[in-house]
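Keeping their order, the protein sequence lines are chains A and Z.
Residues 128 to 377, numbered by the working numbering, are exactly what the first sequence covers, in order.
Residues 39 to 295, numbered by the working numbering, are exactly what the second sequence covers, in order.
Possibly wrong hints are sitting among the right ones.
Quick list of simulated restraints, FRET-style, between CB atoms [claimed, not checked]:
{"id": "1", "chain 1": "Z", "residue 1": "THR79", "chain 2": "A", "residue 2": "THR358", "range": "46 to 54 angstroms"}
{"id": "2", "chain 1": "Z", "residue 1": "ALA60", "chain 2": "A", "residue 2": "ASP343", "range": "21 to 29 angstroms"}
{"id": "3", "chain 1": "A", "residue 1": "ALA246", "chain 2": "Z", "residue 2": "PRO134", "range": "19 to 27 angstroms"}
{"id": "4", "chain 1": "Z", "residue 1": "ALA295", "chain 2": "A", "residue 2": "ALA377", "range": "25 to 33 angstroms"}
The list that follows gives simulated cross-link-like pairs (lysine to aspartate or glutamate, DMTMM-like), each with its CA atoms no further than 25 angstroms apart [stated by the list, open to error]:
{"id": "5", "chain 1": "A", "residue 1": "LYS138", "chain 2": "A", "residue 2": "ASP376"}
{"id": "6", "chain 1": "A", "residue 1": "LYS138", "chain 2": "Z", "residue 2": "ASP121"}
{"id": "7", "chain 1": "A", "residue 1": "LYS321", "chain 2": "Z", "residue 2": "ASP121"}
Chain Z regions said to be covered by chain A (calculated; three or more residues, Cβ under 8 angstroms) [to be verified]:
{"id": "8", "segment": "220-226"}
{"id": "9", "segment": "245-257"}
{"id": "10", "segment": "275-289"}
Treat the hints as calculated values from the structure; they're not laboratory data.
Glycine included, every Cβ here is placed at the ideal spot set by N, Cα and C.
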Amino acid sequence: MVSLVHAELRKLLGLPTAWIGLVVGLVAAPALAVLNAPAARRAVADGLIRDPSDLGFQDLGIGLLGAMILGVVAVSSEFTPTGDDTPGARQLTATLLAAPRRTRLLAAKAIALSLVVAAQGLVTAVATLALTERMHGALVPPPQPGRVLAAVLYWTLLGLLAWSITLLARNGMITLAVLIVNSTVVSLSYLLTKVTPWAAYLPDIVGAHMFLRGMDVPVEIPPVTAGLVMTAWVAALIAVATLTFHRRDA
Amino acid sequence: MTATRPLPTPTRMTATNRLSAAGRMLLAEINKLLTLPSLRTTFLLTWAVTLLLRLVDLPGSILVHTQAGFLIFGVLAASHEHDRGSQINSTLLAMPRRLPLAATKALALTLVTTPLALLVTLTAAEPTGSGPGAQAGAQAGAQAGAQAGAGIEAQAGIGAGAGAGAFHLAVDGAAHNAGYLILATLAASGAGMLLRNDVGAAGVALTAYLLVAPLARARLPAIETWLPEAPQPSLAAAVWTLTALSVAAAAFHHRDA
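If we strip away everything but chain Z, and leave its shape as in the complex, we get (with noise of 0.2 angstroms):
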């Protein structure tokens, strides 16, 4: 009576058998990171700042403020894994080799982050440098917040540069403004991994985007083009997140974990 199931052949692989070893490491930290309960909370309250500000017809950029979000994004995504139990002792077991591990986790954290960033910039759904009503606009808005001497007439001017611009513009700037919070995100996951600690690195990449960042910009505009302004991807912007995912890559390869 007894049903004899034909067991699966041992040479039969599953899926995740079937890929590479990278893929696999890669498969497991999306996974990380989309069951991680801290991140989902992190990501639904940007997101409804973000609808909320758009309702209350704020001045300037949303996207200056809502990148608070993504920054404690990629500090928890990098922090959570020395957080009570350590997960990086086990996570260390299964994958050795650190700087491929620390590259994995960057990549992960930017395939997760991309859908989410473009969620949050459609939401907020403001133009940027690309077309021509939104250049002419951010134009004109620079130029009179050059001379006021703040940024928020800049902004604002950024702002009105809104109206020229048409449907497929706008998921084109959302793109484009995208491409500055994964910059973002993966910044403040560096600092996570480099301080081993949520508030400590939130704190320190909060106030680096948010206070030095603009304050440095608008008081020394000789060092300008060297620091990230936000909601527009640039060189600096690039230059700021690749240091600080290979200081703390090295950090990663050479501390005890």
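For reference, chain A alone in the conformation it holds in the complex (with noise of 0.2 angstroms):
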């Protein structure tokens, strides 16, 4: 097992699109808080800012991108033609004859990919809220340790989701597609809350609940739920996946 996740990691920090997503997810988020500390400063200043202890947090919003771009080319680098000369043929094929029991090939690419993605997910968000920090002094309060974890779990779980969907649809684009529309500024999951309540339930929403504190969305979930609800997803998902990935012709 050992050998596989490495196997797997090694397959994953080998792709360029990947490294693409690495430093989209480690670049964007603190650019972004700097980009963003005079507006912000406004914002506090006229009271617009529910909880200012979110301002850091908020802004890990957008390098999110980076850990699904790293779920989807986990799956999806596997399901790419591999040359000109062989049009029939996938890296699939050779994962499978050197792996072929697909349960345990998933979970070693899933730990390959959470490892990665958590670690991204860690620096990232130190390194915003250390940036938040020394931007506004005394305006923001010190991060608890325990949101930031948070926030680094739902940076995974989201990877994992993406990992999930591209696993079940065999398709980058699809996942691609529907998770940036999804983390657009005014997201479409965002807009749902407003038609019905339940759609704060969904995981990308829910999940957010775990560290934002002052989100403007009409159910008021603990974090500890959030995160369970968000869990629950994911896993569910990860099952669908690994059960069609398990029967189905690769």
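Make one complex out of these two single chains by using the hints.
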């Protein structure tokens, strides 16, 4: 199992697109925190921000793009045709030849992805929060370690969400489109909460309750419940994806 | 007993032969776009999502979200040439002059996208800056949005103007919004041609139009007029599209296929 995880880690980190995801995820949130600083300072002064301790955490949202890209390419790279000379061949064929037990393979893949994404999330969260503290000083209360860990958990779960959807769709485009549309400034899930309060339980919205306090949604969800609901979503999706991957022709 | 069938005289030209070379290039490119299963699926999904979002009565513009479908449509239209079998090699064998080929591709994509964009904007049935009712609604919404410092209200305001628009206004608005979708599709095809990889190009196009542009609009008012804003066609949107297409065409011209 350890060697499988090691192999999957090396495969993931050997992908150029994965490095794009890594760098985008690492750079975007701190950059936004710097770019956002003047506007954020004004917003706090005007009392527009419900909870100033949310400031650095809010900027983390854009870096999630990196986690999603990592989740998508970890699977889509297996299904992309390998070369011009062999249009029908895909990396997955070789992977399954080396690791024929599919559930174990998926577990190794999920562990490898979680390690990379969690490390990325931790570095980004610490960097972004440190920058926020430097720029706003006493305006923002120092972040609690629990919330930082919750943000890293959210980051990891979102990567796994992207991973499981891609595994179901066997196509990176669909996942990328769905997830990017949903992480826009005015996200689709957020707008749906205006239509029905149940939309607050969609995975991306509910998960944010783990580390954001002043969210503008109709239902108040305590952080632990939020974490459990999001974990349940991701676990369910992974279960379905594993079942189909186990049954389907590769 | 052999029935001699009159052979077609060699001088008689078929419909395709009678066309000029440029016309045949255009027909070939349109034919490619119309027969790609991935494009058909992308369009049908986009249309279905538009219909669904219309039914749930979402606040704000639906097209802000469904433009993603058109961006992917544009990316796939360009990047399919570079997929697995590298179809681009056959294409260049048949049509070796690269700049005219790039122009033909853009024209073919415009022609194919136009009816699809109209269908989607008519389904979304949103008014635009045209028509007094819609304009007033948009203005009021934009003011409210500026006061609250958020874009949602502005879009809701545009939606509020909907009631005032008559049917012909709706059609007018659909044509207007379709213009934006066509521009976005063409820009995405530029990204596809430049990056030659579908997932990479889709990531770039979607991030640029759905994340970077709206964020930059909100944070940096100084460059606001230079950013495209869904679903309004603007000079900025046209400039983005032209830039993407020219950079892609130049790269296509100079690079090994």
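Hints not upheld, ascending by number: Hints 1, 2, 3, 7, 8 and 10 are the ones this structure does not satisfy, whereas the remaining hints hold.
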